[in-house]
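Trainee: Below are the chains, spelled out letter by letter.
There are 2 protein chains.
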Amino acid sequence: MTKDDQMAFETILVEHAAAIEAQLRQILDGRALAGEIARPERLMAAMRHGVLNGGKRLRPFLVMESAALFSADGEAAWRVATALECMHCYSLIHDDLPAMDDDDLRRGQPTVHKAFDEATAILAGDALLTLAFDILADEATVLPPDRKVALMLALSRAAGVGGMVGGQMLDLEAERNRPDEAGIIRLQAMKTGALIRFACEAGAIVAGAPAQDRERLAEFGSAIGLAFQLADDLLDLTANASQMGKATGKDAAAGKATLVALHGATWARSQLQGLVDQAHALLEPYGERAALLKEAAKFVAVRSN
Amino acid sequence: MTKDDQMAFETILVEHAAAIEAQLRQILDGRALAGEIARPERLMAAMRHGVLNGGKRLRPFLVMESAALFSADGEAAWRVATALECMHCYSLIHDDLPAMDDDDLRRGQPTVHKAFDEATAILAGDALLTLAFDILADEATVLPPDRKVALMLALSRAAGVGGMVGGQMLDLEAERNRPDEAGIIRLQAMKTGALIRFACEAGAIVAGAPAQDRERLAEFGSAIGLAFQLADDLLDLTANASQMGKATGKDAAAGKATLVALHGATWARSQLQGLVDQAHALLEPYGERAALLKEAAKFVAVRSN
Chain A
1 MTKDDQMAFE TILVEHAAAI EAQLRQILDG RALAGEIARP ERLMAAMRHG VLNGGKRLRP
61 FLVMESAALF SADGEAAWRV ATALECMHCY SLIHDDLPAM DDDDLRRGQP TVHKAFDEAT
121 AILAGDALLT LAFDILADEA TVLPPDRKVA LMLALSRAAG VGGMVGGQML DLEAERNRPD
181 EAGIIRLQAM KTGALIRFAC EAGAIVAGAP AQDRERLAEF GSAIGLAFQL ADDLLDLTAN
241 ASQMGKATGK DAAAGKATLV ALHGATWARS QLQGLVDQAH ALLEPYGERA ALLKEAAKFV
301 AVRSN
Chain B
1 MTKDDQMAFE TILVEHAAAI EAQLRQILDG RALAGEIARP ERLMAAMRHG VLNGGKRLRP
61 FLVMESAALF SADGEAAWRV ATALECMHCY SLIHDDLPAM DDDDLRRGQP TVHKAFDEAT
121 AILAGDALLT LAFDILADEA TVLPPDRKVA LMLALSRAAG VGGMVGGQML DLEAERNRPD
181 EAGIIRLQAM KTGALIRFAC EAGAIVAGAP AQDRERLAEF GSAIGLAFQL ADDLLDLTAN
241 ASQMGKATGK DAAAGKATLV ALHGATWARS QLQGLVDQAH ALLEPYGERA ALLKEAAKFV
301 AVRSN
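Residue numbers (the UniProt record's numbering), protein chains in the order written: chain A, 1 to 305; chain B, 1 to 305.
Rather than coming from a laboratory, the hints here were simulated on the basis of the structure.
Built from N, CA and C at the ideal position, the CB exists for glycine as well.
The reader is advised that the hints may include incorrect statements.
Label-pair ranges, simulated between beta-carbon atoms [claimed, not checked]: (1) A:D29 <-> B:L105: 35 to 43 Å; (2) B:P210 <-> A:Q6: 57 to 65 Å; (3) B:D180 <-> A:D29: 20 to 28 Å; (4) A:Q212 <-> B:G74: 33 to 41 Å; (5) A:E215 <-> B:E41: 23 to 31 Å; (6) A:E15 <-> B:G183: 39 to 47 Å; (7) B:Q109 <-> A:D73: 46 to 54 Å; (8) B:G74 <-> A:A32: 28 to 36 Å; (9) B:E41 <-> A:T266: 44 to 52 Å.
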């Protein structure tokens, strides 16, 4: 990707991020919905702090662009993108807790348990996790019920014990267990890969695309999920804290096993190129319509923060 | 209720509990499902510890009996009951955490963060919350998609920021804020009431019962939810730890505002009788078929642990 292509893509990503932030802000207001009794203000404030923090919104972008491939309803896709971002942000809030990764900073701001307190951070995460399913089930998400059920099943599998949460468990154990290469790959496919895979698959589900398209987009998601984690591990080795907005060099300090630590930076860069090529090949059938998703794959592999 | 009626009801409740425990055990085995990568054994063990602990399974019982009122499919009702119990057990695991109520014992056993560690307890709760929606969305729950969506929406509202989680937030704040009577009632309707209300409403949703029946069962649930909390506050005042299997007298020690503390035990017992009468009146249209639900209302009001 040339510097110009990269800048053009980043401009579009920033525009998307502003749009998703507006959607999130609307959903996280204080108004109790039907079936709710009241929305405690301190809890809502903690949820907003954990969500409305200027993230890149990569996962929502992937939902929107994969949905666009199949001409899915845009409004429904926005709702799914919003639900997914709530799920992602809950996981960051819980991962940052003292009992977990014990991070004080996230995107240059105090983490939720620092800005509020630990109990409030735990509850804000729980509430965001629950809200993700609420958003999908809500009638404001206008989709046939069977597609909603398919989305909720895929999301719960991607986020639960056999996906993201299970991956965080394996990651905590990795400091003691020193997993082998297969173990590291599995851990990463669960911890960060599963939700990125879901993001790409979700667009196909929203559109009611045929099973083979859904599977193709899921595979694309798996490839860029792997690339995302490799790039992250490379960055942890080479970037500094001000670039990342969070502590860096923690992996090496913790003696944490990563593929980059096993095979080195040169190998990692070559792997990244291979994954981008693989991701692009999966998108061939969609021609020019997949141009932004292809840029996204490159962006994930070369991002500098 | 005579001593005999009470013993007969408790026998049935114990039988139901054994059946739900078997269902939960099956769902919490180590086998990864479609869309899952692997189920980390330590996390599964922590989930089992938090769920398979000999609870009374009152909420699943309410789902089963409200479903039976409308001749709902029994298999589907079992699945919904199981999902709800996962949701309830996650909330207990997180409530017990050091940052929250800081309890070492639950039903006479070490709490999950004591038996494992804090990070594992947080993740086990997250995984059980997610699993609740997974169970509902799974094709093994044989229900029309629109009913599944209705169940997931009602459950997410009952459990989220405007329900159970929001209630726990208000409860944590209550030690500082000293809520008035209206505040206490709202807090309790959220913290414990919302999920009991959902349990009763869920049976009607599973059956596809008319909206007025669904609303009637929800109101029944609200009444016994209030009774449940009043009985709990009474018990905290009068029981000892060995009866409860957990620490008691904590409310008074924490200076926590309860309706029993405000109005006294005599008032509370009279309120309980009023709530049972109200709950029974709501079930009148269902005649003899509602006999067990009526017993459940009495049980909730007079339970001694």
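Trainee: None of the hints should be skipped; say for each whether it holds.
Mentor: Each hint, compared with the structure:
1. Range check, D29 (chain A) to L105 (chain B): Cβ separation about 40 Å, and the 35 to 43 Å hint holds.
2. Range check, P210 (chain B) to Q6 (chain A): about 58 Å between beta-carbon atoms, so the 57 to 65 Å window is met.
3. Between D180 (chain B) and D29 (chain A) the beta carbon distance is about 26 Å. The supplied range of 20 to 28 Å therefore holds.
4. Distance hint check for Q212 (chain A) and G74 (chain B): the Cβ-Cβ separation is about 37 Å, which falls inside the suggested range of 33 to 41 Å.
5. A C-beta distance of roughly 29 Å is found between E215 (chain A) and E41 (chain B), which places it inside the suggested range of 23 to 31 Å.
6. For the pair E15 (chain A) and G183 (chain B), the supplied restraint of 39 to 47 Å holds, since their beta-carbon distance comes to about 44 Å.
7. In this structure, Q109 (chain B) and D73 (chain A) meet the distance hint of 46 to 54 Å, their C-beta atoms being roughly 49 Å apart.
8. The beta-carbon spacing between G74 (chain B) and A32 (chain A), approximately 34 Å, falls within the hinted interval of 28 to 36 Å.
9. At roughly 36 Å, the beta carbons of E41 (chain B) and T266 (chain A) sit outside the given window of 44 to 52 Å.
Hint compliance for this structure: hint 9 alone is broken.
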